[in-house]
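Given these sequences and hints, build the entire structure.
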Amino acid sequence: MMTIFDFEKPINELESAIAELRQLAAEKGLDRSREIAELEAQRERLLKQIFAHLRPWDKVLLARHPKRPYALDYIRLMCEQFLELHGDRLGFNDPAIVGGLAKLGGYKLVIVGQQKGRDLKERQKRNFGMAKPEGYRKAMRLFRLAEKFRLPVLTLVDTPAADPGVESEARGISESIAQSMLTMFELTVPTVAVILGEGGSGGAIALAAANRVLMLEHAIYSVIPPEGCAAILYRDPNKAPQAADALQLTADSALQLGLIDLVIPEPLGAAHRDPQTTALSVRSAVLQQLDELSRLEPDALREQRYQRFRHIGVYEVAQ
Amino acid sequence: MMTIFDFEKPINELESAIAELRQLAAEKGLDRSREIAELEAQRERLLKQIFAHLRPWDKVLLARHPKRPYALDYIRLMCEQFLELHGDRLGFNDPAIVGGLAKLGGYKLVIVGQQKGRDLKERQKRNFGMAKPEGYRKAMRLFRLAEKFRLPVLTLVDTPAADPGVESEARGISESIAQSMLTMFELTVPTVAVILGEGGSGGAIALAAANRVLMLEHAIYSVIPPEGCAAILYRDPNKAPQAADALQLTADSALQLGLIDLVIPEPLGAAHRDPQTTALSVRSAVLQQLDELSRLEPDALREQRYQRFRHIGVYEVAQ
Amino acid sequence: MQRRGAAQANSEQWVQCAKCKKILFRPDFERAMRVCSHCGHHHRLRARERILLTVDPNSFEETDADLRPADPLSFPEYADKLRKGAAASGETEAIITGVAALSGYEIVIGAMDFGFMGGSMGSVVGEKVARCFERGAERRLPVILFCASGGARMQEGLISLMQMAKTTAAVSRLHRAGMPYLAVFTDPTMAGVLASFASLADVILAEPSALVGFAGQRVAAQASPGKPPANFQTAEFQHEHGMIDLIVPRRQIRPTLAYLLEMLLPVEARTR
Amino acid sequence: MQRRGAAQANSEQWVQCAKCKKILFRPDFERAMRVCSHCGHHHRLRARERILLTVDPNSFEETDADLRPADPLSFPEYADKLRKGAAASGETEAIITGVAALSGYEIVIGAMDFGFMGGSMGSVVGEKVARCFERGAERRLPVILFCASGGARMQEGLISLMQMAKTTAAVSRLHRAGMPYLAVFTDPTMAGVLASFASLADVILAEPSALVGFAGQRVAAQASPGKPPANFQTAEFQHEHGMIDLIVPRRQIRPTLAYLLEMLLPVEARTR
Ligand SMILES: [Zn+2]
Ligand SMILES: [Zn+2]
Chain U
1 MMTIFDFEKP
11 INELESAIAE
21 LRQLAAEKGL
31 DRSREIAELE
41 AQRERLLKQI
51 FAHLRPWDKV
61 LLARHPKRPY
71 ALDYIRLMCE
81 QFLELHGDRL
91 GFNDPAIVGG
101 LAKLGGYKLV
111 IVGQQKGRDL
121 KERQKRNFGM
131 AKPEGYRKAM
141 RLFRLAEKFR
151 LPVLTLVDTP
161 AADPGVESEA
171 RGISESIAQS
181 MLTMFELTVP
191 TVAVILGEGG
201 SGGAIALAAA
211 NRVLMLEHAI
221 YSVIPPEGCA
231 AILYRDPNKA
241 PQAADALQLT
251 ADSALQLGLI
261 DLVIPEPLGA
271 AHRDPQTTAL
281 SVRSAVLQQL
291 DELSRLEPDA
301 LREQRYQRFR
311 HIGVYEVAQ
Chain X
1 MMTIFDFEKP
11 INELESAIAE
21 LRQLAAEKGL
31 DRSREIAELE
41 AQRERLLKQI
51 FAHLRPWDKV
61 LLARHPKRPY
71 ALDYIRLMCE
81 QFLELHGDRL
91 GFNDPAIVGG
101 LAKLGGYKLV
111 IVGQQKGRDL
121 KERQKRNFGM
131 AKPEGYRKAM
141 RLFRLAEKFR
151 LPVLTLVDTP
161 AADPGVESEA
171 RGISESIAQS
181 MLTMFELTVP
191 TVAVILGEGG
201 SGGAIALAAA
211 NRVLMLEHAI
221 YSVIPPEGCA
231 AILYRDPNKA
241 PQAADALQLT
251 ADSALQLGLI
261 DLVIPEPLGA
271 AHRDPQTTAL
281 SVRSAVLQQL
291 DELSRLEPDA
301 LREQRYQRFR
311 HIGVYEVAQ
Chain L
1 MQRRGAAQAN
11 SEQWVQCAKC
21 KKILFRPDFE
31 RAMRVCSHCG
41 HHHRLRARER
51 ILLTVDPNSF
61 EETDADLRPA
71 DPLSFPEYAD
81 KLRKGAAASG
91 ETEAIITGVA
101 ALSGYEIVIG
111 AMDFGFMGGS
121 MGSVVGEKVA
131 RCFERGAERR
141 LPVILFCASG
151 GARMQEGLIS
161 LMQMAKTTAA
171 VSRLHRAGMP
181 YLAVFTDPTM
191 AGVLASFASL
201 ADVILAEPSA
211 LVGFAGQRVA
221 AQASPGKPPA
231 NFQTAEFQHE
241 HGMIDLIVPR
251 RQIRPTLAYL
261 LEMLLPVEAR
271 TR
Chain G
1 MQRRGAAQAN
11 SEQWVQCAKC
21 KKILFRPDFE
31 RAMRVCSHCG
41 HHHRLRARER
51 ILLTVDPNSF
61 EETDADLRPA
71 DPLSFPEYAD
81 KLRKGAAASG
91 ETEAIITGVA
101 ALSGYEIVIG
111 AMDFGFMGGS
121 MGSVVGEKVA
131 RCFERGAERR
141 LPVILFCASG
151 GARMQEGLIS
161 LMQMAKTTAA
171 VSRLHRAGMP
181 YLAVFTDPTM
191 AGVLASFASL
201 ADVILAEPSA
211 LVGFAGQRVA
221 AQASPGKPPA
231 NFQTAEFQHE
241 HGMIDLIVPR
251 RQIRPTLAYL
261 LEMLLPVEAR
271 TR
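Chains as they are written, first to last, in the working numbering: chain U, 1 to 319; chain X, 1 to 319; chain L, 1 to 272; chain G, 1 to 272.
Please keep in mind that the hints were generated in silico from the structure rather than gathered at the bench.
The list that follows gives simulated cross-link-like pairs (lysine-lysine, BS3-like), each with its CA atoms no further than 25 Å apart: (1) X/Lys-125 - G/Lys-227; (2) U/Lys-125 - L/Lys-227; (3) G/Lys-81 - X/Lys-239; (4) U/Lys-148 - X/Lys-148; (5) L/Lys-81 - U/Lys-239; (6) U/Lys-67 - U/Lys-9; (7) U/Lys-67 - U/Lys-125; (8) U/Lys-108 - U/Lys-148; (9) U/Lys-67 - U/Lys-121.
Cβ-to-Cβ under 10 Å is the rule here; a few derived chain U residues that face chain X: (10) Phe-92; (11) Arg-137; (12) Glu-167; (13) Glu-175.
These numbers come from a predicted model, not from an experiment.
Glycine included, C-beta positions come from ideal geometry on N, C-alpha and C.
Okay, structure coming up:
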């Protein structure tokens, strides 16, 4: 399945042309490299042009792009080794949250991430990346494992929202989100969160109460899906693009508002055009944060995390 | 519903006769007090005679007696005040385990107990006192509350077994029992367990990893129900009385084996003939233990509990 | 009592029950703390009323009353909504906080006001809640919060989502100080508030039939096969599912809180 | 391979798979660690075999081999059962413990022997397990336990029930020392062992299709409405229900344990 957004169409047309030319050249043994180079230059110019003027809504589409790399893709591309661990030890094992023990550039660490599915079957299995209470409880179990064995924690956030279904409500989805944040605030090991794609409200912040919060360039982070916001604000879910503007849900906005620590650049054309390069950017950004955080004592790590979130908020003080 | 055991029959006949005589006297206005006193003396002699020679199997029947007081009866009769708290904060609230905040003779404490039902409807609701994983997780939540607020813990054990059903298995009944014991071992507040009726294997020990373990005189405490033991040992569940002998499951045996700390005497004729007096005996036994334990420092309490269980076991050492 | 027309019901003397529609004599209704004497329906209370009904007479001292909402994203219609919320509630934000005495115990207390923008949590609510927990930790006082909220305040965008983390962090301070935190869920306690500080109390009480849940009812139903149970997202549903200790009628809230304070506070707890 | 008669199958050279009944060439079968090359069935291993297949060559030093079961209740037939268990397993009790190296890491290791009275836990098993955790805590070594047990040993009555508490208490010592505890559930891991130290490991592995559960299958089915799922009380069922981290084929157990040690042990962990 291919999903081509409006703004991606001309690029995709060029890419088809390049591919055709290449095949032709190979079949006929002709040298078409000059033509190809020219088309590629054209593609590059076009990409630059388009990506220089992305609207927030374009970012929403990119963050949800079905070819965008997911948590396990990053883990595979970034880590020297990874062993997935399973289960909340309370009766459930939520496939929407993955986690385990990884080696990353000299660090041993615990990784916990939200995982969407690539094909229809996996998407259903992983509930489209919408974690249930047991997902957050699995995460907490792994956070506590990290604390016990003094391992840093990396969380990879990519979820439209926590699962809103009746079963999740019955098993305490709200409590699990709150407890997950609380557990993260109690840790005395370094913690880094990366918003990979969709940072969907409570479902995302549950895993993002970290010492450092990074965002990929085209990821979004929002208190409400733009569609939901549009339905409330304009009584029209189709006005999601306007709502996306109003919500300031892009990585740049979050950085400007002082809510995240770093924007990790994506390759030209976004992560799905070059997952390998994107993963390496994430890797080096994470390693840099870990290098910095590793200098702090356990109590200082907890305190830094506390202060980091404690001072978020914009209000006035009456005279 | 009345359940009259064989050995209780003659007593019950006498009690019926006394009741009849009383009614007659009241109706006709006659003085039958001498006859009544004589019958009561006879009843007393008979009770003494019978209760002097109870076999382990008789104790099994007494421990399971449908009129035996249950945890909430003791709480009502013993405590100045009690507020029940509910829920495991993980999606469930198991009625087979009750717990809350109580005042008991100057102490503020957390009480957790297993609760059977009195009538058919309540029995089903309370699953015959067989706790599910969520019951033990509710207990753990209350244990942690006690630890946080430095409150002593009293557990009241009365269960045929932990719930063995498919759902309990799916939600981790074994893990919940193990974690409940572990949580009790980690506490640094005084803990006292009283086996009120049936101390049914893993379901019971889950709540009995305490600094002091007391048993009511006619309670039982066993690694396996005598029926199950008989089925294995004699291939005949009807030989449960013999199995009860072999298992040494009475309070006296447990005390002799050094596995419990104190046997709390029951009124003549067992707890169900005088719940009030029994509850007061339990109360004063518990208060005495709490007085003793309150002199220990937090770490010493944990250490005493550790050593108490650590040295249980009978084995030989080869030359 | 006879059923009367709405016009008459809205008079000074009479009030109509929002649930059973019976007409009630206002002085009786107020004396019953706005619980309908016919059907038991618990009508919403203003935050300030709630606090005054809960604490010892004349003991409440408001804190942080000088915090005012800003409009950091210049969000459409937000300024207007703030004005309307202030007019409707008579308050400057969706929570009132302070210190007070309850049954003689010195406490930190907060109550949310659904009348101010649905009790939604933006920067001011987050800040005042966080200060409650910090004040409790520093001064070694218990914290009691009455929740009433539709969730995070969309109009402050990601900043309001962050208030979930901020208030949760503050809870961890109080926890480490070993001071009790008691929450009371009133109608409604939802979404971003339920999924942060509200669910983290040591003991959780709720008023009967209060709406308590994560997602909107329609979203929840759409996301699930089958029909939600009849009591879905009520306090009673959450109680059955282990998330609430006790459903407590309004009249009993105060004595229940007093008992909990007596039980959980150390003997040397400050009283006044 | 042709199917052969049972008589021939029991010869030195050939062995029959307990599950698919195929006849296997014994040297191949042993090299495959008794995993059937046809159906993948994991045949039970003796405790001592298990340890030798797991640890670095010549690194195993047995501990507490001098503990012998007593018969504290003079329980019917117990003395006889102990004799038979010893004869059947070649061991004096249902667990072997010791210290060893695994991938160079110094470890405390134990393996239960189902051949000795169904791997049941009485005083000796409880004592040896407790000493494993205490040794790990004192010497700051990780503990690895292979579980194989039907549960508590009925023949020691309440004393054997107490071993659940005793081993759990010992786990708490290791936890506080911050040393890793890894458990491997092999066929079967049941009842009193599963409901005590086995379930408390930091990471839990299991062999494919191992029976893992609390009550007997019949008891569980009787206690429940409806039919249990087809994989009820298998390692796979427990994995689906979040109680087991990974199902690991026998061949992969050793490298998986080595990776876990590397990950969870501090850098300065003792190696040899
Ligand atoms: Zn009404
Ligand atoms: Zn086979």
